[in-house]
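*Asks:* Spelled out from the first residue to the last, the chains are:
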Amino acid sequence: MYIYIYDEYVNHKKYEHLLGQIETRITDLGLNGKIVRLGIMKSIQDSVSTEIRNGAKTIIAVGNDKTINQTVHSIINFQKSHNTKTEIFFGIIPVGEKNNLIAKALGIKEWKEACEILSGRRVETIDIGQANDNYFLAQAEICGQGTMLKINKHYSIEITEPGKIHIINLSLYPNNLPHNTKSSPQDGILELYIQTKKHSLIKFNSQINQSFFSFQKLTIFNKHTSLLVDNSINMPAPININVLKKRLNIIVGKKRKF
Amino acid sequence: MFNKKNENFEKADTIIGQAIKVKGNFNGHGNVIVEGIIEGNLKTSGSVVINDKAKIFANVDAKSAKIGGEINGNVKITNHLQIMSSAKIVGDIECSSISIEQGAIINGKCVMASEQKHVTHNTEHN
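Protein sequence lines correspond, in order, to chains A and B.
Going left to right, the first sequence walks through residues 10 to 267 as my numbering numbers them.
Going left to right, the second sequence walks through residues 100 to 225 as my numbering numbers them.
In case anyone wonders, no lab produced these hints; they're calculated from the structure.
Be aware that a few hints might be false.
[Said to hold, decoys possible] Heads up, simulated SDA-like pairs for lysine to any residue below, C-alpha to C-alpha not over 20 Å straight-line: (1) Lys110/B <-> His26/A; (2) Lys122/B <-> Leu201/A; (3) Lys266/A <-> Glu138/B; (4) Lys208/B <-> Glu193/B; (5) Lys120/B <-> Thr134/A; (6) Lys66/A <-> Ile49/A; (7) Lys122/B <-> Thr134/A; (8) Lys191/A <-> Gly145/B; (9) Lys110/B <-> Lys159/A; (10) Lys142/B <-> Lys51/A; (11) Lys255/A <-> Lys118/A; (12) Lys226/A <-> His128/B; (13) Lys206/A <-> Lys120/B; (14) Lys226/A <-> Lys142/B; (15) Lys162/A <-> Lys110/B; (16) Lys110/B <-> Lys255/A; (17) Lys226/A <-> Gly129/B; (18) Lys159/A <-> Asn126/B; (19) Lys191/A <-> Gly129/B; (20) Lys120/B <-> Ile160/A; (21) Lys110/B <-> Tyr182/A; (22) Lys154/B <-> Gly127/B; (23) Lys89/A <-> Ile44/A; (24) Lys110/B <-> Val132/A; (25) Lys142/B <-> Asn161/A; (26) Lys122/B <-> Met157/A; (27) Lys207/A <-> Lys120/B; (28) Lys159/A <-> Lys208/B; (29) Lys173/A <-> Lys120/B; (30) Lys110/B <-> Asp196/A; (31) Lys122/B <-> Leu40/A; (32) Lys254/A <-> Ile44/A; (33) Lys159/A <-> Glu193/B; (34) Lys154/B <-> Tyr164/A; (35) Lys191/A <-> Ser144/B.
[Said to hold, decoys possible] Derived list of chain A stretches under chain B, where covered just means 3 residues or more per stretch with a C-beta under 8 Å from a C-beta of chain B: (36) 165-177; (37) 181-192.
[Unchecked claim] Computed, partial: chain B to chain A, Cβ under 8 Å: (38) Ala118; (39) Ile119; (40) Gly123.
Positions of the beta carbon are idealized from the N, C-alpha and C atoms, including for glycine.
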């Protein structure tokens, strides 16, 4: 049974016509199911838990990066708290222009393509990142200044120039990574990518330095800045990060970035 | 600019960039490029490139290595060790084959593992 989770913001009048088009297309493709509209009185965690208990097998997030993050979090949280590995398939229909980087990285550019991809049902099993009690599908970011990292409890990393730290499961910007490195959400490890900038007195002559590590466990310390998870959730440090291997069955497009 | 620097490997598993200081023992499984500072042992089953601005204050243990930076510690390489003119090594070296460019500074013993020893070692494992 298909369950469509509509984020609260898509209930805005400006998306009314678009949602109508989506519903018509999914009916044409024989993918119709139950629609769950999130709101002040209806939390995503409760909705997802209820639907899984009632036998939902395919859950589709209709919204943006935050909707995807929260839906994935709810599915994994349910499986963990009930100690079950019920086979759930997760799909995405992006709505709106902004904050849909995760859908793009999975090869889903817009809603029409998303409906075809759901119909095609190309499933990949991917790893999921865990940051304290939150789960993330794609990546997390924090400012490099004042941040200390401890990898696998063996060694620590200090960053001496201003820059940004990315913790990657599914890369949202794969072209930014050093050309001879590789990142995949199916390799059982997470990647740490650090980009720093050394400023020069001569304008436009600043030097960019890149660092790249692989890890399974990482601790982040920073008293002043928070970690941005999946382009949507802010978390204060200290944060313990680890990987849950092959944890989510996800319906992806042909043009996915892994 | 960065990509040019990393022409050394088809695939780099770890890159320790110029603005990075690693404290503790680094144990890797693949190819490692060092441009920053490591205060601890560096051990990998793959190859290592230590660029001219890199500094390592401990031992290096790898399959093969190209050294252009500074090492204060022993260097143990299973296969070939290439020492560039900018390299400065204060410590003992152990490897199977070596090439040293003019200008490199080495203060320490250099021991070459004999071919005979390798043959015996491989036979024992087979």
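*Asks:* None of the hints should be skipped; say for each whether it holds.
*Replies:* Now for the hints, and whether the structure bears them out:
1. At roughly 48 Å between alpha-carbon atoms, Lys110/B and His26/A are farther apart than 20 Å, so this suggested pair is violated.
2. Between Lys122/B and Leu201/A the alpha-carbon distance is near 16 Å, which keeps this suggested pair within the 20 Å criterion.
3. In summary, the hint linking Lys266/A to Glu138/B is not supported, as the alpha carbons are separated by about 36 Å, beyond the 20 Å threshold.
4. Simply put, Lys208/B and Glu193/B have alpha-carbon atoms about 8 Å apart, close enough for the 20 Å limit, and the pair holds.
5. Of the pairs offered as hints, the one joining Lys120/B and Thr134/A is violated, with about 35 Å between alpha carbons and a cut-off of 20 Å exceeded.
6. Between Lys66/A and Ile49/A the alpha-carbon distance is near 25 Å, which puts this suggested pair outside the 20 Å criterion.
7. For a cut-off of 20 Å, the pair hint linking Lys122/B to Thr134/A is broken: about 35 Å separates their Cα positions.
8. Restraint check: the Cα-Cα separation between Lys191/A and Gly145/B comes to about 16 Å, which is no more than 20 Å; the hinted pair holds.
9. Using a Cα cut-off of 20 Å, the hinted pair Lys110/B and Lys159/A is violated, with the two alpha carbons roughly 24 Å apart.
10. As the CA atoms of Lys142/B and Lys51/A are separated by approximately 52 Å, the hinted pair breaks the 20 Å bound.
11. A C-alpha spacing of about 24 Å is found between Lys255/A and Lys118/A, which places the hinted pair above 20 Å, so the restraint is violated.
12. As the CA atoms of Lys226/A and His128/B are separated by approximately 16 Å, the hinted pair is consistent with the 20 Å bound.
13. For a cut-off of 20 Å, the pair hint linking Lys206/A to Lys120/B stands: about 15 Å separates their Cα positions.
14. A hinted pair counts as satisfied when its Cα atoms are at most 20 Å apart, and Lys226/A with Lys142/B qualifies at roughly 19 Å.
15. Distance restraint check for Lys162/A and Lys110/B: the Cα-Cα separation of roughly 25 Å exceeds the 20 Å cut-off, and the hinted pair is therefore not satisfied.
16. Of the pairs offered as hints, the one joining Lys110/B and Lys255/A is violated, with about 24 Å between alpha carbons and a cut-off of 20 Å exceeded.
17. A hinted pair counts as satisfied when its Cα atoms are at most 20 Å apart, and Lys226/A with Gly129/B qualifies at roughly 18 Å.
18. Between Lys159/A and Asn126/B the CA atoms are separated by roughly 14 Å; this keeps the pair inside 20 Å, and the hint holds.
19. For the suggested pair Lys191/A and Gly129/B, the alpha carbons sit about 12 Å apart, so the restraint of at most 20 Å is met.
20. A threshold of 20 Å between alpha carbons decides the hint, and for Lys120/B with Ile160/A the separation of about 13 Å falls inside it, so the pair holds.
21. Between the alpha carbons of Lys110/B and Tyr182/A the distance comes to roughly 19 Å, so the proposed pair stays at or under 20 Å and holds.
22. Taking the CA atoms of Lys154/B and Gly127/B, the gap is about 18 Å. The hint holds against a cut of 20 Å.
23. As the CA atoms of Lys89/A and Ile44/A are separated by approximately 25 Å, the hinted pair breaks the 20 Å bound.
24. Between Lys110/B and Val132/A, the direct Cα distance comes to roughly 28 Å. Violation of the 20 Å bound is thereby established for this hinted pair.
25. The suggested pairing of Lys142/B with Asn161/A holds, with an alpha-carbon distance near 15 Å, which does not exceed 20 Å.
26. Only pairs whose Cα atoms come within 20 Å are accepted, and Lys122/B paired with Met157/A is accepted, the gap being roughly 11 Å.
27. At most 20 Å may separate the alpha-carbon atoms for a hinted pair to count; Lys207/A and Lys120/B meet this at roughly 15 Å.
28. In summary, the hint linking Lys159/A to Lys208/B is not supported, as the alpha carbons are separated by about 35 Å, beyond the 20 Å threshold.
29. In summary, the hint linking Lys173/A to Lys120/B is supported, as the alpha carbons are separated by about 15 Å, within the 20 Å threshold.
30. A threshold of 20 Å between alpha carbons decides the hint, and for Lys110/B with Asp196/A the separation of about 15 Å falls inside it, so the pair holds.
31. A distance of roughly 54 Å separates the Cα atoms of Lys122/B and Leu40/A; the hinted pair therefore is violated under the 20 Å criterion.
32. Distance restraint check for Lys254/A and Ile44/A: the Cα-Cα separation of roughly 30 Å exceeds the 20 Å cut-off, and the hinted pair is therefore not satisfied.
33. A threshold of 20 Å between alpha carbons decides the hint, and for Lys159/A with Glu193/B the separation of about 31 Å lies outside it, so the pair is violated.
34. Between the alpha carbons of Lys154/B and Tyr164/A the distance comes to roughly 16 Å, so the proposed pair stays at or under 20 Å and holds.
35. Note on Lys191/A and Ser144/B: the hinted pairing holds, with a Cα-Cα distance of about 18 Å set against a maximum of 20 Å.
36. For the segment 165-177 of chain A, the assignment as covered by chain B holds, since 7 residues bring a beta-carbon within under 8 Å of that chain's beta-carbons and 3 suffice.
37. Counting residues of the segment 181-192 of chain A whose beta carbon lies closer than 8 Å to any beta carbon of chain B gives 5, which reaches the threshold of three, so the coverage claim holds.
38. Restraint check, Ala118/B versus chain A: the minimum CB separation of about 4 Å is within 8 Å; hint holds.
39. Of the supplied interface hints, the one on Ile119/B holds, with its beta-carbon coming within about 5 Å of a beta-carbon of chain A, less than 8 Å.
40. Taking 8 Å as the C-beta cut-off, the interface hint given for Gly123/B holds, the closest approach to chain A being about 3 Å.
The structure is inconsistent with the numbered hints 1, 3, 5, 6, 7, 9, 10, 11, 15, 16, 23, 24, 28, 31, 32, 33, although it conforms to all the rest.
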